[in-house]
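K.L.:
These are the residues of each chain, in order.
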Amino acid sequence: MEITALLEIVDVSRHFDTFLALDKVSLHIKAGEFFTLLGPSGCGKTTLLRLIAGFDQLDGGDILLDGKSILPASPEHRPLHTIFQNYALFPHMTVAENVAFPLRMAGIAKKDIQARVAEALEDVRLPDKARQYPDALSGGQKQRIAIARALVNRPRLLLLDEPLSALDAKLREQMQIELINLQKDIGITFIYVTHDQSEALALSHRIAVMDCGRIAQVDVPSRLYGFPNSRFVADFIGKCNLLEGKVRDQQGDCVTVELDGLGIVYVCRSETKPAIGSRCALTLRPEKIRIAPTVRPADDESHFTGHVHDLLYLGDVTVYLVTLANGVLLETLLANSASGRANFFEVGDQVEVAWSCDAGHLVLD
Amino acid sequence: MQRRNVLLWISAALVYLFLYLPLVIVVVFSFNDSRLNAEWVGFTWKWYGKLFHNREMLAAAMNSLIIASVSAAVATVLGTLAGIAMHQSRLRLLQVLVLAPIAMPEILMGVSLLVLFIMVNMTLGLLSIMLAHITFCIGFVALAVQARISSMDPCLVEAARDLGASTWCCFREITLPLLMPGILAGGLMAFTLSIDDFVITFFTAGVGSSTLPLQIYSMVKIAVTPEVNAVSTLLMLLTLVVITVASRLSPAVVQGE
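Taken in order, these protein sequences are the chains called A and B.
The first sequence begins at 4 in the working numbering and counts up one residue at a time.
The second sequence begins at 16 in the working numbering and counts up one residue at a time.
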């Protein structure tokens, strides 16, 4: 028997006047999953989250929790909580009163509330802040209190709306690790909204990439990165070279592609089975391209000559923009592992690039 | 540069002198041991003592306090509801309807209220004055509440609903406490506006329902006595205290007026 999803989103649509914010979106989210809605601003991810929470009414479709529609229930009757971008801690209540709020609303006895609040504060390692007001807390502490408040009465689902975007880079990384561990420990399903692709890759079990109110692709992070199904996903997740071309031949899982301005390359172990003659794009991650003064290509490698157009020294790696024949630009990178050298190449240097036939991935129009 | 600074200070001093000298004179002469507001003779409390034996004056003061308290209380409740409605409704007309009595010339308000009270056959007295004061106080409270509500994070209400609070619970637990400084500031504003209102009260007061400003006016018709100075000083003091409390509660509201 198939395990049914915890949350099912079925053909959900939402219009704002003439703007279509969500266009028949369907998703299945499993129990215990860390699921991320990822997309640029305006793609509909926050709208979808607000529909699940019940802050907004949908125009079509259904949202089911454990197979039952939650649409008739108002926000306070849905067994799920939201972490807001600005945390939304109640400024006129102490930390302990904030955390006690959902328990009080649920009508739990006073003496039980105290114990559970203390426990919740212990869980987020802030037991000494109970009597303080939210104004006295740092961003990271507010974040943890918001989490404690949302989890104190064990919701089925936790919705998180870009919860780390207000924190600085170092703290954000630390909170990411805390979130992963927390989710693993308590086993509550997380639906996480973000526009930050690296955050999504780092945190999630599965990611739904959204674009213009539609789901572009749903998959585990490594497959989204390695096998994007469209130019949009390839470009949005990580850095990517998109080389335009045309399918010339296809045998088994090997495809012969004629790249515009570069000529024939082979793509083996192709996941896509394109029709001969169709337009396509070869997606190549910068780290999969070898770059050297002379590359001495292996049999299964494509190689080209070019020169360094620009470079970006990032410390651990240097990004080289290489111009190939006919002006095709290729982004590559090299780890700066050799000691005592800032850069391997300078602007204008002639270089060779190569990639193996299974390094790239084809996306079709 | 220095010269300009000096000029600036002098002009500022002159402006403040112009604004506050009359008030200072009233206060000073309320302690002057002479029936005439002409020259300083000596210090005395006796005008204040006389004031507290003046039955008419005491009755008027009592009326004023009752009217101001009741009008402020009623206007605070109605104005708070109006302020919340103004924030939530997209109807611009509502804003105009609530705030129009503030912008209306007082004399017009006074006359039209008088006409209304006569039309409905109402006896002029404390009740008619209160109704009149409530009408112009609502707008001020609504403004104060609206200013507070628009600076409130809308996520807080959503968060409360999300965490299990019903609409009413959310209003009682979140919205109302957060609006409280605005509500109190609005209420205190209403109190001060009511206690020193003259024009509208003049039209809507009946025989035997004199208020402090009306009483002062009738005394001044004969002469500005030291007693008038004393009662004015007390009124000033009361207003000052109330406004100070209001501005502590909600600085933006009082500065906005």
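Keep in mind that the hints were calculated from the coordinates and are not lab data.
Among the hints, erroneous ones may be present.
[To be verified] Sample of chain A residues at the chain B side, in silico, Cβ under 7 Å:
(1) A56
(2) D59
(3) Q60
(4) P78
(5) A91
(6) H95
(7) Q254
(8) C257
(9) F348
(10) C360
Every residue, glycine too, gets a C-beta built ideally from N, C-alpha and C.
K.L.:
State the violated hints by number, sorted upward, taking the hints as numbered earlier in the document.
P.N.:
2, 3, 7, 8, 9 and 10
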